[in-house]
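**Student:** Starting from the known structure of chain Z, arrange chain S on it as the hints suggest.
Quick note, the sequences are listed as chains Z and S, same order.
Per this note's numbering, the first sequence starts with residue 10, numbered consecutively.
Per this note's numbering, the second sequence starts with residue 31, numbered consecutively.
Bear in mind the hints are in silico, worked out from the structure with no lab data behind them.
Small disclaimer: the values here were computed from a predicted structure and weren't measured.
If a hint is listed, it holds; no wrong ones were tucked in.
No more than 30 Å apart at the CA atoms, straight line, and that leaves these computed lysine-lysine pairs for BS3-like: (1) LYS580/Z to LYS67/S; (2) LYS580/Z to LYS75/S; (3) LYS25/Z to LYS48/Z; (4) LYS53/Z to LYS75/S; (5) LYS76/S to LYS620/Z; (6) LYS372/Z to LYS620/Z; (7) LYS495/Z to LYS596/Z; (8) LYS53/Z to LYS76/S; (9) LYS495/Z to LYS76/S; (10) LYS109/S to LYS57/S; (11) LYS70/S to LYS580/Z; (12) LYS76/S to LYS48/Z; (13) LYS57/S to LYS53/Z; (14) LYS52/Z to LYS70/S; (15) LYS53/Z to LYS70/S; (16) LYS580/Z to LYS495/Z; (17) LYS57/S to LYS620/Z; (18) LYS580/Z to LYS86/S; (19) LYS582/Z to LYS594/Z; (20) LYS116/Z to LYS370/Z; (21) LYS400/Z to LYS372/Z; (22) LYS76/S to LYS52/Z; (23) LYS86/S to LYS57/S; (24) LYS86/S to LYS596/Z; (25) LYS86/S to LYS594/Z; (26) LYS76/S to LYS586/Z; (27) LYS76/S to LYS580/Z; (28) LYS586/Z to LYS86/S; (29) LYS75/S to LYS52/Z; (30) LYS582/Z to LYS76/S; (31) LYS620/Z to LYS75/S; (32) LYS75/S to LYS586/Z; (33) LYS61/Z to LYS76/S; (34) LYS94/S to LYS52/Z; (35) LYS57/S to LYS61/Z; (36) LYS620/Z to LYS367/Z; (37) LYS70/S to LYS582/Z; (38) LYS372/Z to LYS116/Z.
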Amino acid sequence: MDNRKCAQEIYELVGKRENLVSAAHCATRLRLVTNDNSKVDMKKLEEVEGVKGVFSSNGQLQIIIGTGVVNKVYDEFLSISGMTAATKADVKAAAAAKQPLPFRMIKALGDVFVPILPAIVAAGLMMGLLEGMTKIWPDMANSGTYQIFHLFSNAAFVFLPILIAVSAARVFGGNIFLGAVIGMIMVHTDLVNAWSVAGMLENGEKIPQAVVWFGLYKINLTGYQGHVIPVIIAVWFMCLLEKKLHEKVPEMIDLFVTPLVTVLVTGYLTLTIFGPVFSTLEEWILIAVQWIIKIPYGLGAAVAGAIYPLTVVAGVHHMYNTVEARMLSTGKNTWMPIASSANFAQGAACFAVALKTKNQKFKNLALPSSLSAFLGITEPAIFGVNLRLVKPLICGMIGGACGAAVGAMLGIGATAYGVTGLFGFLTCADFIWQYAIMLAVSFAVSFTLSWFLHHDKTEEDGEAAEEAPAAPEITCESGKVYAPIKGNVIPSAQIPDETFAAGVLGEGIGIEPEEGVVYAPFDGEISSTTDTKHAVGISSPDGMELLIHVGVNTVAMEGDGFELFCAEGDKVKAGQKLITFDIDKIKAAGYSTTTAVLVTNSDDYAGLEIKEGACEPLDCVITLRTDEPAEEAKTEEAKTEEA
Amino acid sequence: MKHFSYTITDPVGIHARPAGIIVRAVKPFASSFTITKGDKSVNLKKLMALMGMGIKCGDTVDIKVEGPDEDAAAEALEKLFKENL
Numbered sequence: 010m011d012n013r014k015c016a017q018e019i020y021e022l023v024g025k026r027e028n029l030v031s032a033a034h035c036a037t038r039l040r041l042v043t044n045d046n047s048k049v050d051m052k053k054l055e056e057v058e059g060v061k062g063v064f065s066s067n068g069q070l071q072i073i074i075g076t077g078v079v080n081k082v083y084d085e086f087l088s089i090s091g092m093t094a095a096t097k098a099d100v101k102a103a104a105a106a107k108q109p110l111p112f113r114m115i116k117a118l119g120d121v122f123v124p125i126l127p128a129i130v131a132a133g134l135m136m137g138l139l140e141g142m143t144k145i146w147p148d149m150a151n152s153g154t155y156q157i158f159h160l161f162s163n164a165a166f167v168f169l170p171i172l173i174a175v176s177a178a179r180v181f182g183g184n185i186f187l188g189a190v191i192g193m194i195m196v197h198t199d200l201v202n203a204w205s206v207a208g209m210l211e212n213g214e215k216i217p218q219a220v221v222w223f224g225l226y227k228i229n230l231t232g233y234q235g236h237v238i239p240v241i242i243a244v245w246f247m248c249l250l251e252k253k254l255h256e257k258v259p260e261m262i263d264l265f266v267t268p269l270v271t272v273l274v275t276g277y278l279t280l281t282i283f284g285p286v287f288s289t290l291e292e293w294i295l296i297a298v299q300w301i302i303k304i305p306y307g308l309g310a311a312v313a314g315a316i317y318p319l320t321v322v323a324g325v326h327h328m329y330n331t332v333e334a335r336m337l338s339t340g341k342n343t344w345m346p347i348a349s350s351a352n353f354a355q356g357a358a359c360f361a362v363a364l365k366t367k368n369q370k371f372k373n374l375a376l377p378s379s380l381s382a383f384l385g386i387t388e389p390a391i392f393g394v395n396l397r398l399v400k401p402l403i404c405g406m407i408g409g410a411c412g413a414a415v416g417a418m419l420g421i422g423a424t425a426y427g428v429t430g431l432f433g434f435l436t437c438a439d440f441i442w443q444y445a446i447m448l449a450v451s452f453a454v455s456f457t458l459s460w461f462l463h464h465d466k467t468e469e470d471g472e473a474a475e476e477a478p479a480a481p482e483i484t485c486e487s488g489k490v491y492a493p494i495k496g497n498v499i500p501s502a503q504i505p506d507e508t509f510a511a512g513v514l515g516e517g518i519g520i521e522p523e524e525g526v527v528y529a530p531f532d533g534e535i536s537s538t539t540d541t542k543h544a545v546g547i548s549s550p551d552g553m554e555l556l557i558h559v560g561v562n563t564v565a566m567e568g569d570g571f572e573l574f575c576a577e578g579d580k581v582k583a584g585q586k587l588i589t590f591d592i593d594k595i596k597a598a599g600y601s602t603t604t605a606v607l608v609t610n611s612d613d614y615a616g617l618e619i620k621e622g623a624c625e626p627l628d629c630v631i632t633l634r635t636d637e638p639a640e641e642a643k644t645e646e647a648k649t650e651e652a
Numbered sequence: 031m032k033h034f035s036y037t038i039t040d041p042v043g044i045h046a047r048p049a050g051i052i053v054r055a056v057k058p059f060a061s062s063f064t065i066t067k068g069d070k071s072v073n074l075k076k077l078m079a080l081m082g083m084g085i086k087c088g089d090t091v092d093i094k095v096e097g098p099d100e101d102a103a104a105e106a107l108e109k110l111f112k113e114n115l
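Bound-form chain Z, shown alone (with noise of 0.2 Å):
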């Protein structure tokens, strides 16, 4: 099969570009949103070679390609129709915007640094290894292959903003290479590197200002590497700003005038205000830090190593290289052990999540995160893991906070700065057993807390919407039925009726209910009612029809103790009210209430899975299965059994 032609073909039968909105795909679909459904030829996409079915639903044109193909076939549709990649963050980004602000901030920023994270992940465990070693052995910082490796190692730290910068395009629905540009605006070689500014005010250096908005004032000229908070906000803009153009712009000269006044907007603005407005802030936090930590006692250090963590967030952390640079020229440096303790509490938090978890996925990501903060490097643990979860976040502090308390009280003093967790011990040498109590204090605290209030559930909820992506958009994954009454699900075949037993009208299960609600079982269609209410039918999008027939007998009760909540050609939303009953009424009747949920078109497919016992209304009874396997990979745990 030639997928570039399949793409081809259904890109023009969709009404090219200016009918698309958005496009996406799962495991075997390609998931189109377009402007107007009416302008796509259906009955010539399902003759298009590689297009196995076509249907729509919520809005979503989706054409099932197959495992394996769909991917190849995006990627093509994509070149042809000269869209961009997206969409599974716009669907979270839909979904996500009924949460409170603080929610969805925290969301964003996960949604922004999780398909990074490999990026930064290997740079954190480079960099604190290689820093490591060059304190064992100080004459390897000369090799040239140590230069080539700290190269490696810093390269994600330097164009951290790039990386940012382009996932949070995705993220908030701009073009990923304008976003990219404004990161690199961030970054640029022609301004001072930020990890620079410290040393050269140290060194008495001046830093090169520009005067801006026509005099008014003027700022400095420094990079914003090592930064996100700022870069967030500056492509969140860009975003708005873009899409605003996209749609004020006449389309004919759109194609240069939005892209150029993006950029241009969005770059000044974030120079001249987002920028400075938050290295302003930054200096406050640094004035404040030094501040707190003259408190005596501990308690100082102790709000120190709690906020540690927060300050990372922001992306002001490195900044504290000037309070060690100042505190090494009067005697020692007491901020390291403060950094350490946060630092390590927060691995060790990471840690515990890594260990409790059950997802194998977020187990693979959170260790080797927790293993790159023991060594001082927090953002992956920081971003991919604790801030998500938000709990492990705060027991992570909690740790940090008794961690440096403690070291505070011990008198801990480094000799350099640059390195924290273990081989914070390199620079500690005459605190080596008053360092190592610290780090056990902040670990036991942060891991033993993160141990017992992390919870699976809620970081499922966050995974769940990672790995189905449409969840949102599509609440019915096509061939499940969901249960329509709460009660216990049996094999139809034992249904006390001999011809739903028989499968005449169809293979499924039988409810014995509990409750005399019965709900719609997917999205669909009522395709079919009775005057007697005791039965309807229920036809999905994508050719399913399902029989809900209540009771066995009953049309005999002509409808007394059933009412109709749908009539036929309703539209049904999974979970929406259909009919009630009346059990009480069905038993004096002499009737039995086990109601038959049949699959009448079960001959279409290859066969079905069924998920006996007690079940909630909407827990899955039916999958249905079809020569896709895609479909039915989910089901792993339902118990199976070839009705």
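**Tutor:** Relative to chain Z, chain S alone:
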């Protein structure tokens, strides 16, 4: 093409069970089946559609059978209607 008319005598009409029996009975035949009541016609091989007709006792329906095995099919179906409905 064969066709016959039938007046339903089953007191509850063509509800789920008889509809199932009819659909099962006609599926093996290659012919196409259409059932008409008033101005509504549906394919007899579609259970949901048949149930959606809401055919009651006393209704007269018209059934058309068309295809290579229409003779046998029409005969079998008429027998089924008489026995069950």
